[in-house]
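Full structure from sequences and hints, please.
Chains as they are written, first to last, in UniProt numbering: chain A, 1 to 363; chain B, 1 to 307.
Think of the hints as simulated: they come from the structure by calculation, not from any bench.
Please note: incorrect hints may appear among the correct ones.
[Said to hold, decoys possible] With a straight-line Cα cutoff of 16 Å, these simulated EDC-like cross-link-like pairs (lysine to aspartate or glutamate) come out: (1) K73(A) with D200(B); (2) K350(A) with E220(A); (3) K358(A) with D278(A); (4) K73(A) with E203(B); (5) K184(A) with D356(A); (6) K350(A) with D223(A).
[Stated by the list, open to error] So the derived list for chain A, only partly shown, Cβ under 8 Å to chain B, looks like this: (7) P72; (8) A78; (9) F81; (10) Y98.
Virtual Cβ for every residue (Gly too), placed ideally from N, Cα, C.
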Amino acid sequence: MASIDIESVRKSYGPFPVLHGVDLTIKDGEFIVLVGPSGCGKSTLLRMIAGLEEVTSGEIRISGNRVNDLAPKDRDIAMVFQSYALYPHMSVADNMSYSLRLRKTAKEKIASAVGAAATKLGLDPLLERRPKALSGGQRQRVAMGRAIVRQPKAFLFDEPLSNLDARLREQMRAEIKKLHADLKATSIYVTHDQIEAMTLADRIVAMHGGIVQQVGSPLELYDTPANLFVAGFIGSPGMNFLEGRYVVSAEGDGKGASEGAGIRLSDGTVVPVARRTDIQPDAAVTLGIRPEHVVISDTGMLEASVDLVEPTGFGIILHLSLHGLPFKIFTLDRDALSAGPKVRVDFPRKYLHVFDEKGDRAD
Amino acid sequence: MMHQSMKQNRPPLRKRIADASEPYLYSAPALILIVAVMLVPLVVGISYAFRDIQLLNPFSGGFIGLDHFRALSQDDAFFGALRNTLWWTGASVFFQFTFGLILALLLDKPFYGRGLVQALVFLPWAVPSFLAGLNWAWLFNPVIGPLPHWLYALGLLDEPHNILSDPHLAMWGPIVANVWWGIPFFAITLLAALQAIPRDLYEAASIDGAGPVQRFMSITLPFLAPTIAITVLLRTVWISNFADLIVVMTNGGPADRTQIVASYIFTQAFKRLDFGYASAIALVLLVLLLVYSMLIVLLRQTMLNKG
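Okay, here's the thing in structure tokens:
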């Protein structure tokens, strides 16, 4: 178990920078998820922590010790790969004990460590099999078993569930969470799947274009996204955005005027918002609201036409167009299935997000 | 569908014959070619082994049973050639494989100009063996070649003489030429096999704590094993049949010290023009190589089953 400190770490391949100065402090026992679209640098960061990529500049410390120049094997970390990377010529037991055998651990100790890990992961009946005789989920389990037998300081996961089908992914997700609750080991988990990020993480690190966009608990990222990228990336279906201008003395709409602040959309409608202190009046802003927070009501202030109705079973997604822009609603109300060609919608004020011209959250 | 049509109305006889013979007619050109080009010479060659066939003797040609094989069992030159063949094949395959593997491992690492180096490395394979033999024979010749002088300067030779005419060293001449000529074969095939190994296995192993040697032993070698088995088998058979370099460089001499079975066959057939006896030797060599091949194939099969 260990803390991990990442201090202004940069990475470039030749002249191409892929990470622009990442700072992150990971506490002992914390489960951190690095999330972002492909190419955002999250895997590179993980591989730098593992020692598989060189650090161009900055410093990585594990338990306070600088590891920049240490070989992967001297960092005392374990990694689970997307492809599992099991040794095909070894049995499951040999795969799991390989690291211990290399460290010349006593035979009895190896047997008990492998046995304990196998029991924990339900691998007991498979120990003598070769990886190719296992299903995807079983291989995934062996890969995790290989990581936990050594009791390393930290676990690194590189998109470990991407090769599994949806049902199995859900199941393994829960198992990883249980395992972490059990072992309380510092873990860093890379994924592009925001559901995995939301469900597993103590803290999520949202990355985009080699820059950390926001670090926070899953609900912080969901409730108060720091910028347009995080707002759009976290949540499914994604947040709706409307362009407008911040107005202080609202006109045209009684409700907005009484509060003194609103956002005037392109058609002149003013959506009332709480006063923001850090934007100038008449500045261009983006208004965001999550599909599940939009309310359909006959007295709604905006009218939208219905393009498409998508029942998901759990709820219904309505694809609308609002001023010609795509706009989504997620609702549990089955009546939405029979929505007419036009609906009126309302935006509850407490669910509105406002982003300034640069895309940063305005409060 | 056939069942249906038979019930409804049987097609005329000619149509049925045409239908039945269709697949044979399609494959006939290939089959006839294979039989004519491969099977016929093989059978004729084998039949020579049991007949007295000497080109210069117009009265030869009769069936003599196992006489050739009886003579062969008394033929010291043949047993000498058999020993030389083992030596020639063993040393050539061993060094070709060792250097080929090292070369493949080096070429597997990315470096600037790798494409060019790869192309250059594979060049010897494109040189005709006859030319390679002539070149190396010249290189070993102290009058025009530098090698004897270098070996002398290094203290490996007492005087800069031609090792091809030294009964104790002569075999090394063709072996060196053969190693130079055959390394690319191993390098190409092993490099292809190396590049098929998933890179993240090495990463996983390095995190698990494996050093370069352990990574090689527990990942590279098991992955290469089937390729190694099949390439070593192929090369062994080829090299033991491969008399070009020896015929060009030493012609079996001095005093038969570099005579291998294949060059002995060549001598018997095309110098003494005794085709019958040459065929008998060839048949023995064929059987030996078949036995060897079966062993390697069995070995490979068990390795694959285990893996």
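May I ask which of the numbered hints given earlier this structure violates, with the numbers listed in increasing order?
5
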